[in-house]
Every structure is written in C-alpha cells, then in structure tokens.
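J.: Here is how the chains run, residue by residue.
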Amino acid sequence: MIDKAWIPEGVQRCSIGRFLLWLAFVGIFLGWGLYGAYVILSQGLGTTGLDNYFGFGLWITFDLAVIALGAGAFFTGFLRYILRIDQLKNIINLTVIIGFLCYSGAMMVLVLDIGQPLRAWFGYWHPNVHSMLTEVIFCITCYCTVLIIEYVPLILENRVLNKNRFLHHLAHNFHVYMPLFAGIGTFLSFFHQGSLGGMYGVLFGRPYAFREGFFIWPWTFFLFIASAIASGPSFTLLVNKLMELMSGKRLVDDATKELMAKISGLLLAFYIFWKILDTWAWANGLLPKAGLTFDQMFYGLAYGKWLLWTELLFCGVIPAIMLVVPAIRKIHGLMYLAALLNCTGIVINRFVQTVQTSAHPVMPFDVWNVYIPNWAEWSTSLMIVAYGALLMSLSYRYLPIFPKEKELNS
Amino acid sequence: MEHKESKIRWGMVVDLDKCTGCGACMVACEAENNIAPTTDSSNKLRTLSWMLVYELTNGKAYPDHDVAYLPRPCMQCGKPSCMTVCPVTAIDKNEEGGIVSQIYPRCIGCRYCMAACPYHARYFNWYDPIWPEGMEKTLTPNVSVRPRGVAEKCTFCHHKYAEAKELARAEGRDPLHLEENDYIPACVAACPSGAMHFGDLNNPEHTVYKMAHEKYAFRLLERLGTDPQVYYYSKREWVRRQGDNYLKTEKTKGA
Ligand code: SF4
Ligand code: SF4
Chain A
1 MIDKAWIPEG
11 VQRCSIGRFL
21 LWLAFVGIFL
31 GWGLYGAYVI
41 LSQGLGTTGL
51 DNYFGFGLWI
61 TFDLAVIALG
71 AGAFFTGFLR
81 YILRIDQLKN
91 IINLTVIIGF
101 LCYSGAMMVL
111 VLDIGQPLRA
121 WFGYWHPNVH
131 SMLTEVIFCI
141 TCYCTVLIIE
151 YVPLILENRV
161 LNKNRFLHHL
171 AHNFHVYMPL
181 FAGIGTFLSF
191 FHQGSLGGMY
201 GVLFGRPYAF
211 REGFFIWPWT
221 FFLFIASAIA
231 SGPSFTLLVN
241 KLMELMSGKR
251 LVDDATKELM
261 AKISGLLLAF
271 YIFWKILDTW
281 AWANGLLPKA
291 GLTFDQMFYG
301 LAYGKWLLWT
311 ELLFCGVIPA
321 IMLVVPAIRK
331 IHGLMYLAAL
341 LNCTGIVINR
351 FVQTVQTSAH
361 PVMPFDVWNV
371 YIPNWAEWST
381 SLMIVAYGAL
391 LMSLSYRYLP
401 IFPKEKELNS
Chain B
411 MEHKESKIRW
421 GMVVDLDKCT
431 GCGACMVACE
441 AENNIAPTTD
451 SSNKLRTLSW
461 MLVYELTNGK
471 AYPDHDVAYL
481 PRPCMQCGKP
491 SCMTVCPVTA
501 IDKNEEGGIV
511 SQIYPRCIGC
521 RYCMAACPYH
531 ARYFNWYDPI
541 WPEGMEKTLT
551 PNVSVRPRGV
561 AEKCTFCHHK
571 YAEAKELARA
581 EGRDPLHLEE
591 NDYIPACVAA
601 CPSGAMHFGD
611 LNNPEHTVYK
621 MAHEKYAFRL
631 LERLGTDPQV
641 YYYSKREWVR
651 RQGDNYLKTE
661 KTKGA
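Protein sequences appear in the order of chains A and B.
Position 147, counted from 1, in the first sequence is what the working numbering calls 147; the numbers after and before it change by one each time, with no gaps.
Position 100, counted from 1, in the second sequence is what the working numbering calls 510; the numbers after and before it change by one each time, with no gaps.
The set of hints was computed from the structure by calculation and includes no laboratory data.
C-beta: ideal position from N, C-alpha, C; glycine also.
Any given hint could turn out to be false.
Going by beta-carbon spacing under 8 Å, a handful of chain A positions derived as facing chain B [unchecked claim]:
# : residue
1 : G44
2 : P288
3 : P364
Throw the hints in and build the complete structure from the sequences for me.
T.: Okay, structure coming up:
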C-alpha cells in the first residue's frame with residue numbers, strides 16, 4: 001500500500017487499487033453532474049424541468065431534505081458537548097462530517113438553483129429582514145463555517161499532518177473550543193431549520209403550506225426543527241451502517257448505536273404527535289377558512305393522499321414506536337428499518353411542503369400541474385451525493401474518525 | 411406584515427360580462443413591456459404572460475353551457491405575498507399609487523416570490539431574451555429589458571404613470587391629481603370591447619371607484635387577505651363564485 005503512512009495507525013483499509021476503482025465509480029456521477037452544472041450555468045434554468053408553476057422542484061426538496069438529515073451534526077454536538085452525554089464521542093466525528101457534507105452540498109445546489117448565481121451575495125448586502133429566506137441565507141452560511149471549523153481539526157488528526165507541531169497544536173486548540181462551536185452551531189441550526197419551515201408556513205397565498213402560529217413564526221417553524229432533530233440521528237445511523245457494510249468493519253459499538261436510535265425515536269414521537277395535531281388543525285381550521293376542503297388538497301398519484309398517510313403513519317408513528325420500544329430497537333434489522341422509515345418520512349414532508357404546495361391550484365378555475373424533474377436536475381443532485389461519497393471515503397480512509405474501530409475489530 | 415395603504419390606489423376593474431377573450435390585452439402588454447417573442451411557445455408554463463386570459467366555464471352541458479374570460483394582470487395586492495418573502499428587497503409596494511414594483515437588477519432569481527403569489531402573476535426569465543433582427547426598433551424606450559434568470563411581472567405599465575406625471579408637471583398641473591384618462595396601461599387602452607377600466611380606486615369621481623363599489627364587483631381570492639387592486643365585475647353568479655373558493659354551503663357575494 002503506497003498510502004500506508006497516511007492511514008490511521010492500527011486499522012485496516014482496502015488496497016489502493018480497490019479504493020481507486022471505487023473513486024472512479026463515484027467519479028462517473030461527479031462528471032455527469034459537472035456537465036449538468038455547466039449546461040445549467042451556461043444556458044440558464046430553461047434547461048431544467050422547472051417552470052412558472054414549479055419554481056421550486058427537486059433541488060429544493062433535496063436541499064431541505066439533506067439539511068434536515070444533516071441535523072444530526074448540531075444535535076449530537078449539543079448532546080455531547082453541552083448536555084455532556086459522553087458516550088456520543090464514539091459517533092460525533094461522523095455526525096460532523098455528515099453535517100458538513102449535507103450543508104456544503106445544499107449550498108452548491110442553491111448556487112445552481114438561483115437564476116443569477118453571480119448575485120448570490122445580494123442576500124447579505126440587501127437583506128430583507130421580513131423574509132425567512134434572508135434568515136436562512138445568513139444562518140446557513142454561518143453554520144457551514146462552524147461545520148468547517150469542526151471538520152478541520154479532524155483533518156489535522158491525520159497521521160502525517162499531525163506530526164507537524166503547528167498543526168498538532170492547532171488541532172488541539174480547536175478541540176478545546178469545541179463546546180463553544182457546538183453551542184454556536186446549535187443556536188444557528190435551530191434558527192435556520194426553523195426558518196426553512198417558516199419559509200413555507202408564511203405563504204398565506206398557498207393554503208397547502210400556510211400555517212398560523214405564535215409570535216412571528218408559523219407552526220411549521222417548530223415542526224421543521226423537531227423533524228430535523230428527529231431524523232438527523234437516524235440518518236447518521238444509516239450512513240454508519242452503509243460504511244460498515246462497505247468496509248466490512250465494525251465502526252461504532254452497539255450501545256452507542258442504540259442510544260442514537262433511542263434519541264431519534266423519542267424526538268420522532270414528540271414531532272409526530274405535534275405533526276398529527278397540526279394536520280388536524282389545518283384540515284379543520286385553516287382549510288375551511290380559505291374555502292377549501294381536505295380532499296381538494298390532493299390529486300392523482302403524484303400528489304395523492306397516500307403521501308400524507310405514508311408520512312404520518314408508516315414513516316412517523318410506526319418508526320417512532322419501533323425506535324422507542326427497547327425490545328424492538330435491540331433487533332438491529334428493525335432498528336435500521338425504523339431509521340430508514342423515519343428519514344423517508346422527512347423527505348416526503350419536504351417534498352409536499354414545496355412541490356405539492358406549488359401544484360395545488362389556489363384559484364378555483366386553475367388546474368393541477370404535475371412536475372417531473374429532468375436530467376439536469378437529477379445529474380446535479382446525484383453529483384452532490386457523489387461529492388458526499390467522495391469526501392466520506394477519503395475521510396474514512398485517512399482520518400481517525402471512529403475512536404473504537406481498533407478495539408471493535410481486533 | 412403591515413398592510414400598505416396609499417392615498418392614491420391605482421386600480422383596474424374588468425367587466426367579465428363584456429370580455430370576449432380576444433387576447434388584445436395580452437398582445438398589447440407584451441409589445442408595450444418589451445417581452446421578447448419566444449422561439450418555442452408550446453410550453454405555456456415557460457412563456458411570459460404578464461397579462462393572461464383564463465377561460466372559465468360553468469361546467470354545464472349545452473344548452474346551459476356558458477363561458478367567461480378572465481384577464482389576470484398582477485393584482486398589485488395591498489398585502490403582497492410576494493413582497494415580504496423576497497430575501498433581497500427586490501420588490502416594493504409604492505407609497506404613491508400602490509403599484510408593486512420589481513427591481514430587476516436586484517433580483518437573484520430565487521423564485522420564492524413565485525411560490526408565494528397565489529395568482530401566478532409572477533414570471534421567470536427561463537431563457538435569454540432574443541429579438542429578431544430589426545425588431546429591437548420596436549422596443550419601448552422607457553421599459554427596461556430583463557436578463558435571463560430574474561423574476562418579472564405586470565407593473566400596471568408604471569412607466570406610463572411616470573410619463574403622465576411628467577406631462578402634468580410640464581403643463582403646470584398637479585402630478586398627484588391626474589385626470590382619469592391621463593394614465594392608462596396598455597392593456598386597458600387596447601381592449602376593444604370596453605371591458606377594462608382603470609383609475610384611482612380611492613377617487614369617487616373615477617369609474618373604477620364606482621364599479622368597484624357595485625354589488626356585482628368582486629376580487630380574486632378575497633378571503634386569503636391579499637387585498638388586490640384589481641376588481642372584477644359580473645352579473646353571472648357562477649362567475650363570481652369562481653372568484654374565490656366557495657364552500658358548497660356558502661352564499662355568493664352579490665347574490
Ligand atoms: S398578484 Fe402576485 S405578484 Fe402581484 S402583488 Fe399580488 S402577490 Fe405580488
Ligand atoms: S425571484 Fe427575485 S424578486 Fe422574487 S423573491 Fe427571489 S430575489 Fe426576490
């Protein structure tokens with residue numbers, strides 16, 4: 001192995017040939033996505049499947065979904081550094097990397113998604129303090145910076161880099177201040193997760209997404225925070241499992257996994273309780289006030305009621321029970337299934353809140369429209385997944401992410 | 411969000427019983443506002459129709475079948491759902507006349523305003539605008555052309571408002587007290603059937619004031635609370651019913 005000196009001490013990694021083969025596979029998607037991005041940036045958004053009805057489509061769903069799933073980073077950081085649940089140190093590095101990948105990936109998609117990428121900085125320069133999107137722009141960039149600050153010391157832990165005295169001390173100092181960054185990260189995440197929900201909750205002209213609430217925030221503000229912190233730990237578990245399957249190693253001990261599942265389950269139970277209440281209040285209060293009925297909110301297969309029931313029951317109530325009950329959680333197959341359902345539910349939620357909201361005809365004489373993303377949107381979304389896979393693979397190979405790996409595989 | 415009030419409220423009243431759906435308003439709007447011709451307009455969801463004529467039907471079979479045509483400009487909402495959401499303050503409701511403006515060089519093209527507007531009155535520039543050679547000579551000089559990647563919409567031809575004020579000033583009249591016919595948007599001027607009226611909704615002497623206060627006047631989606639500055643008028647109850655989402659049990663306005 002030519003790169004042996006760079007690999008953390010005492011752990012086994014696959015041969016460099018195999019690793020490069022895997023990177024080449026990931027590279028196919030990266031290449032396709034880069035081509036898509038080039039076409040979009042050079043020829044404009046007319047090359048996508050979006051239109052005047054669906055200004056928001058696959059990209060926004062993808063953004064909102066990865067940001068929710070990446071919430072494991074801030075919430076686990078909060079539990080580890082602020083509430084001092086020490087056991088989470090076995091998985092905290094992984095959550096930080098996932099968080100960084102999700103957020104940086106979302107920001108790349110956002111650059112493609114706005115019609116004037118060169119004006120992206122206007123959000124800071126001409127902010128509209130009434131817009132939830134302004135809050136999102138500020139918080140996400142700040143939080144992404146925090147994630148970089150949290151990721152850098154991990155990189156500096158690399159065996160070769162760490163030999164350098166300066167880098168060694170730098171990494172150490174970063175670690176000392178980690179609770180501070182965890183605190184800032186928690187604060188920022190709390191607000192932008194909420195504002196993302198608020199973005200749709202304030203659309204009073206769109207009864208599908210509009211919610212009333214208290215103070216300046218609609219309920220969706222809080223529902224988005226709750227759903228993000230409920231799905232984040234589940235997503236971390238799934239990524240961890242995928243890495244274990246691919247590497248053939250045990251990376252995190254069972255107790256930590258089960259603790260993550262329990263945290264996820266309790267939060268999901270909390271969220272789904274409020275989400276069901278919210279849906280009920282929406283159907284019985286807000287819709288009649290707008291002159292609409294519950295049935296009018298759904299259409300065909302693409303925007304059918306099945307989405308709502310799947311979200312609430314199959315991907316909400318059921319995984320919440322599975323993750324909360326210790327006997328079920330201890331059967332790992334079921335634990336992962338529940339985590340998968342949990343994450344799927346959140347993705348469905350982000351989809352309906354954005355795309356179905358646009359599809360629903362608000363004017364009585366208007367019609368439903370169905371949106372189908374095209375290759376340009378798929379290729380660039382997959383590119384972000386590939387980008388995540390690339391960075392995660394490199395991190396796993398060269399950085400000591402899992403403190404227990406040596407012990408678990410000896 | 412606070413409700414934006416202004417002393418003058420430029421408004422439009424469209425008599426749906428007179429509109430024949432000829433589309434002259436749509437054409438006039440495109441020409442006046444420098445909307446580039448689309449090379450392929452087969453995708454209606456990608457065209458820029460600041461003024462769009464919808465076809466309404468009562469859904470009954472012949473001989474009871476009936477249709478109405480509803481021209482839809484931007485409603486210049488009193489409480490514009492598009493304005494508060496814009497992250498870069500590219501949208502503003504003018505204090506003097508209540509026209510909702512769009513600052514093209516500011517817009518970043520995030521399309522959040524499009525998601526917010528319930529009337530689909532906002533459009534996005536999906537493609538670079540291209541005018542066939544020679545046609546650039548027909549461009550309206552006072553209307554900016556928009557680049558690819560920004561959102562745009564009907565402005566009640568507010569360049570004409572600026573022109574009318576300038577003219578009034580030049581003639582020594584008060585620009586804030588324009589006569590009814592001093593400022594008329596292109597669509598209203600082009601309407602051959604006399605279905606469209608324009609003026610100050612706050613001025614009892616203007617036709618629009620009178621029409622908007624009639625029993626058969628209504629606005630689109632009134633109950634959402636957007637408070638549009640565009641009114642419609644129809645004696646036909648089924649048409650008024652389609653102006654808002656009426657539950658089966660509810661009585662129509664004006665009935
Ligand atoms: S009709 Fe739409 S675009 Fe026009 S002011 Fe109202 S919300 Fe804004
Ligand atoms: S598309 Fe332009 S005008 Fe609309 S919300 Fe975004 S930045 Fe504002």
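J.: Against this structure, judge whether each hint is valid.
T.: Going through the hints against the structure:
| no. | hint | verdict |
| --- | --- | --- |
| 1 | G44 | 5 Å, holds |
| 2 | P288 | 7 Å, holds |
| 3 | P364 | 5 Å, holds |
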